[in-house]
Structure formats: structure tokens, C-alpha cells
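Generate coordinates for the entire structure from the input sequences, incorporating the hints supplied.
Plus 337 on top of the position in the sequence shown (first one is 1) and you've got this note's numbering.
Since the hints were made in silico from the structure, they are not lab data. One or more hints might be untrue.
What follows is a list of derived Cβ distance ranges for each label pair [unchecked claim]:
no.	residue 1	residue 2	range
1	A412	T617	21 to 27 Å
2	N680	D714	16 to 22 Å
3	T617	D686	25 to 31 Å
4	D534	W722	45 to 51 Å
5	G396	L556	22 to 28 Å
6	K678	N741	26 to 32 Å
7	D410	D561	46 to 52 Å
8	D686	R942	45 to 51 Å
9	A412	G927	36 to 42 Å
10	K957	N406	55 to 61 Å
Where is the CB? At the ideal position from N, CA and C, for every residue including glycine.
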Amino acid sequence: MYILSLSQIVVAKNIHLQSPDARIEVNIDINDVLTYSVSYNKKQIILLSPISMTLEKYGQIGKNPELVNVHTDTADRVLYPVAPVKSKSIRDNYNETILDFKGSYSIAFRAYDDGIAYRFILDIDKKIKINREEVHYNFPKGLKIYFPSEPNLVSHYEAYYDYAELKDVNGKQCLLPVLLLKEDDVRMLITEADINDYPGLYLYGSNNSLIGRHPNRVLKYSTDEKGLVSTIIKRGDYIAETNGKRTYPWRVVVIAENDADLLMNELVYKLGREQEIKDTSWIKPGKVAWDWYNANNIYGVDFRAGINTNTYKYYIDFASQYNLQYVIFDEGWYVGRDVFKINPDMNVDELFKYAKQKNVGIILWVGWKAFDDKFEDAIRQFASWGAAGIKVDFMMRDDQDMVNYFEKIAKEAAKHHMLVDFHGSYKPDGMQRTYPNVLTREGLKGLENNKWDDRLTPEHCLTLPFIRMVVGPMDFTPGAMRNAQQEDFQKIFNCPMSQGTRCMQLAMYVIYESPLQMLADSPSTYMSEPEIMDYLSKVPTVWDETKIIKAKISDYIVLARRNGSEWYVAAMTDWTPRDFEIDLSFFKDGNYQLDIYQDGINADRYAEDYKHLKKDVTNKDTLKIKLAPAGGFVARFRKI
338 MYILSLSQIV VAKNIHLQSP DARIEVNIDI NDVLTYSVSY NKKQIILLSP ISMTLEKYGQ
398 IGKNPELVNV HTDTADRVLY PVAPVKSKSI RDNYNETILD FKGSYSIAFR AYDDGIAYRF
458 ILDIDKKIKI NREEVHYNFP KGLKIYFPSE PNLVSHYEAY YDYAELKDVN GKQCLLPVLL
518 LKEDDVRMLI TEADINDYPG LYLYGSNNSL IGRHPNRVLK YSTDEKGLVS TIIKRGDYIA
578 ETNGKRTYPW RVVVIAENDA DLLMNELVYK LGREQEIKDT SWIKPGKVAW DWYNANNIYG
638 VDFRAGINTN TYKYYIDFAS QYNLQYVIFD EGWYVGRDVF KINPDMNVDE LFKYAKQKNV
698 GIILWVGWKA FDDKFEDAIR QFASWGAAGI KVDFMMRDDQ DMVNYFEKIA KEAAKHHMLV
758 DFHGSYKPDG MQRTYPNVLT REGLKGLENN KWDDRLTPEH CLTLPFIRMV VGPMDFTPGA
818 MRNAQQEDFQ KIFNCPMSQG TRCMQLAMYV IYESPLQMLA DSPSTYMSEP EIMDYLSKVP
878 TVWDETKIIK AKISDYIVLA RRNGSEWYVA AMTDWTPRDF EIDLSFFKDG NYQLDIYQDG
938 INADRYAEDY KHLKKDVTNK DTLKIKLAPA GGFVARFRKI
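So, in C-alpha cells, the structure goes:
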């Protein structure tokens, strides 16, 4: 680490920080207010933007700043995720400048080759109240934005993306992450990382700027009779009460030259706190038979399907037969808001014993408040049953106390060797690095929305990977077996269908990143399609290597992923049919057998039509892909 001398500090009114490849530059101006700007390839992409934080009793830090020290550092190391979604190793290479100011505070800036981040560091040895943090992004004119509108500061982070001129979202508020771009120019994705003991950030439009807002501390709230949805009764006049001697969340800007680069970005993971779980050998990614989406529409059996022992034995048998690692007991296995009041039709003890015999793990759904009311007793009970994980739902907030609750769950679940899937949740912020037992989370408009909404279009499904998936795994819950083209789609809550082809759903298992992947439809339907289950039983949920072949936000994705020695190539398109030719020279020399699932010749009329075939190729060949409207493709490569 390098520290400037006192004489250098006296004249240091402008500090420069470059990325390792020198393409990104951060300029920090120290005048009456602390401001920064960002350039990419010598072109300014973020104009001078102010930074400050207002503390009760201490005033506004960042205003009239007096620089004391400047520390510079460089890091170049390799991270190894426990559950890798893009690559088994991640290069963590950045240049860092930490500015120390009079008044016991510092600001750290980092420049990576694919983005920048900054955060406050305070050195006040007592509890403090933070009234507000000024987060401000000023942009050049002419930018467009994918705007996930959210008018409230109570949210489950489920929004569609409005594509608009930045200036036209004036006065409107949105969730993070949010993507800004110019056609054929740099992309900027705004988000945050390491939201520890602090509220989440929202942004609202102000001409050509985005300005931050945080939810104030919740002092009093109520929940509904099931302990699910919160009603805020009273908030404080501050956003956080916390330790004054700590680091604060990273304000993150992902910078990508094109759409494809967004799909490879892992900046949020790199900015997450270091791993706190020493032994991770028990963390097992995998696939899950899930009940709620398909409304337990089991058929061809001699028992009444529903939330009962026989139905879940059927799920367990299905999971065991097809080498699925887990089954979820979703909403309804307990009654009301008491996790100890078991549904009388569910013999939970018997089901856990049965699942253990079949080598299938059970993940228990819980409403957040019902769980919190009896947290210690409940998590011990789940552990005594042998639960493999918990799916905690309906938090729908990211104020300081709720953010702390997320961490409490992750930490305590890890002590009992339980996986975590957060639903009704805020966006990923790098927690998957700190607590790798948190394998996935919702915080997006996923497959279930087809039950009541017609806006979960292929365009939306091809927007998610470029925005929401950039910040971490997403539990979209693919696997719909009832599929429809645009003119045939219907909203049917208890017998849902997807928009797009069967092969689009299959491609999602390779394109969508989630170490815990759901099979959302009925086991009865899956078992009637043995060729489909041959694929779903084998497709991995973690990946050692990823190559983006072709990608355009909202339009199409073609990529390849490797797990061990096997490669998968997958493709998805919007309502526009497309043809691609893929050069296979990136494979090692040799012969390969392809196991292909592609849109059938009539998939443009009947979306469930698909063709399964096998084919031999070499790395000198070209693979032709023909996609129907809202179509998909997937091929498994096995070396022979």
C-alpha cells in the first residue's frame, strides 16, 4: 500500500484512479463538496456527482472535506466460489484508493476492468444514527434506461422493465439493479453490494440523473394473520442506527462494452464480504421438485392429491427416481402462522424418514414472521427432522432490521447445515459469497407470474439475465410443461402455462444461473415425458466455465457452459424466430456426441412441439440452431 506524503496531500484537490487495464478512470474532486466522475475509454460516462452522509450529532460528512491521507493499493487474486454459476474461479483484480478525511471518516474507491465501486468507512467508536446518505448519479444526455418501477419503499423486488429515455423517468422511483445505455455504446448497471446492518437503496429519476433513497428504520409494524405481509405503522427519522466503526455498503457501477459482457460480470460477488462459513462440504447444489406452481396437479394415482402425506411421498419417489436432490414442502404444511401447528393431513415425521430412505433432502417453506416468532425453537426442530434447507418467504422489505434478519437466517441456517432460498426478497448483494449456503433467491418476476399475468413475455425472460442475473443467482423456477405461443396463452391459476416453447423452458436450465433449480411442474407430467426427464435429471446447476456466443438484451442469448468434461450449448429468442450458426472451434480437439433438444417443426403453432436427436460432431464443425418464435435450444456435448 502506498500513502501520499503530507505535502502531496495539501495540494491534492483531484485524485485519479484507473482500472488495471487503464480503460476506466475515476476522478475524485475535493472542494466544497466531495464529488466524483467516471470515464471509459477517455469518454466521461458519469458526470461529477456528489457523495455525502448525514449523521445525527455529527452533521454532513463529505461537505467541506479536509483530506488527511491517501492510501493506494492493488489486488490481484483468485476467488473460488463454493457454488459457481459462471466459472469455478474468479479473478479479483482492482486498484483501490482510500481517502481519509478529518472527522473520522474515509471513502474507498475501487476500479476494476469491468466496473467501479465506492463506500464510506467510519471510525466513530460508538453507536450512531444515519439520517441519510447522498447517492447521486449524474449522466450525459441521451441515455436510455431499463427502469424497474417501484413507487414504494416496501418491496419484494418483482418488477417488469420499462425501456425509456432517462429524462422521461423524471420523478419516478425504481429498484436496483438498473441498466443504462446508449445504442452501440457502453452499458452501466447500477447496484450495491454488502448491505450489512443498513437499508437497501432505491433510485428516482431527476432529469438526466438518478438520486438515491433509503427506507427509514421501521419502528412499528403489523403482519397479516398468516404472518406474511407487513404493514408499516411507524418509521424513524433516520435510515440506520449502527456501529460507527465499520464499512458501509458498496455503491456499484458495472461497466460493460456490450450486452454479452454483462452476462459475464461478477463484480457484486467480488465485493461481497469474505466467506464466514469454514466448512462448506455439506453445501450441495441441486435440483428441486416444487409443488406450488403446479397446484399439486398429480394424476394417474389412487389417492387424492393435495397437501398431504401421500402427495409428498409421490414427490419424493419422483425426485429419487430422477436423481433430483430435493423436494420442497411449500405453503400449507403448517397451519396459519404457527410453524409447530402441523397440517393434520401431513405426517411430517414419516415424510422425513421416507425421504431419508430415498436419499432426497427436504426444504421447508416458511413465512418470515411465523418463522421469526419462534425462530430458535423452529430452526432446532427443522434440524432435528433433518431438513436440508429452508425457503423463507414474504419479507418484502429491505429496511435495516429486515436486512439484518436475512443475515440472521443465513448465519443460523449454516450452523444447522441448512441451505437457504429467499423468496419475497430484495436483490442479491454478495451474500452468496459470505454465506454460500444461500444458494439462490427470488427478487424478480419469475415463472409463477404466468398464473395471473400475461406480461411474463419472452422479452422479459430475455431481459432478466442482462440485469437481475448480473447481481447474483435468481430463482426463476423454470420447467413449465404446458407451453403456448402468444395467441394461445391463457392465465389459468391452477393449471398454468408458459409463454414460449417447451425448448425455451429447457434452455433456461443452462442460461439461468441458480445453484438450486426448481422443476416447477407436476411430477405426473414430467414422468409422461421420459426424454425430457433424461435431460432434466442430468443438467447441472453449477458451472466451471461459461462462454457467451451471441447475446442481445431482450432479444436473444446463445451461450455455452461447461461442468466437468461436459459442455452444454443453449439458446433462447423472443417472439422473433431466429437462426444461428455456431463455430465449435472453442471445444478441444476430438469427436463429440450431441444430445439435442430443439423446437419442433410445428413449434410456431403448437409450442410444446420439440425434437430430440443425437448427432456426432467435431470441433471443426458448425452447429446450426433454428429457433421458433419464443423458442429454445439445448445440446449436451459428450466427448467420444
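Range hint 45 to 51 Å (beta carbons of D686 and R942) holds or violated | This hint holds: roughly 50 Å between Cβ atoms.
Hint says 16 to 22 Å; check whether the CB-CB distance for N680 and D714 agrees.
-> Holds - the Cβ-Cβ distance for N680 and D714, about 19 Å, lies within 16 to 22 Å.
Should the hint that A412 and T617 are 21 to 27 Å apart at their CB atoms be regarded as holding?
-> Check passed, 23 Å falls within 21 to 27 Å.
Please test the hint of 45 to 51 Å on the beta carbon pair from D534 and W722.
-> violated, 31 Å
Cβ-Cβ distance between G396 and L556: within 22 to 28 Å?
-> Roughly 24 Å apart at Cβ, these two residues keep to the hinted range, so it holds.
Beta-carbon spacing of K678 to N741 - inside the hinted bounds 26 to 32 Å or not | Check passed, 27 Å falls within 26 to 32 Å.
If you check the beta carbons of A412 and G927, does the distance land in 36 to 42 Å?
-> Distance hint for A412, G927 holds at roughly 38 Å.
Pairwise beta carbon distance, K957 to N406, judged against the given window 55 to 61 Å | holds, 58 Å
Confirm or reject the claim that D410 and D561 have a C-beta distance inside 46 to 52 Å.
-> holds, 49 Å
Confirm or reject the claim that T617 and D686 have a C-beta distance inside 25 to 31 Å.
-> holds, 29 Å
The structure shown violates just one earlier hint, number 4.
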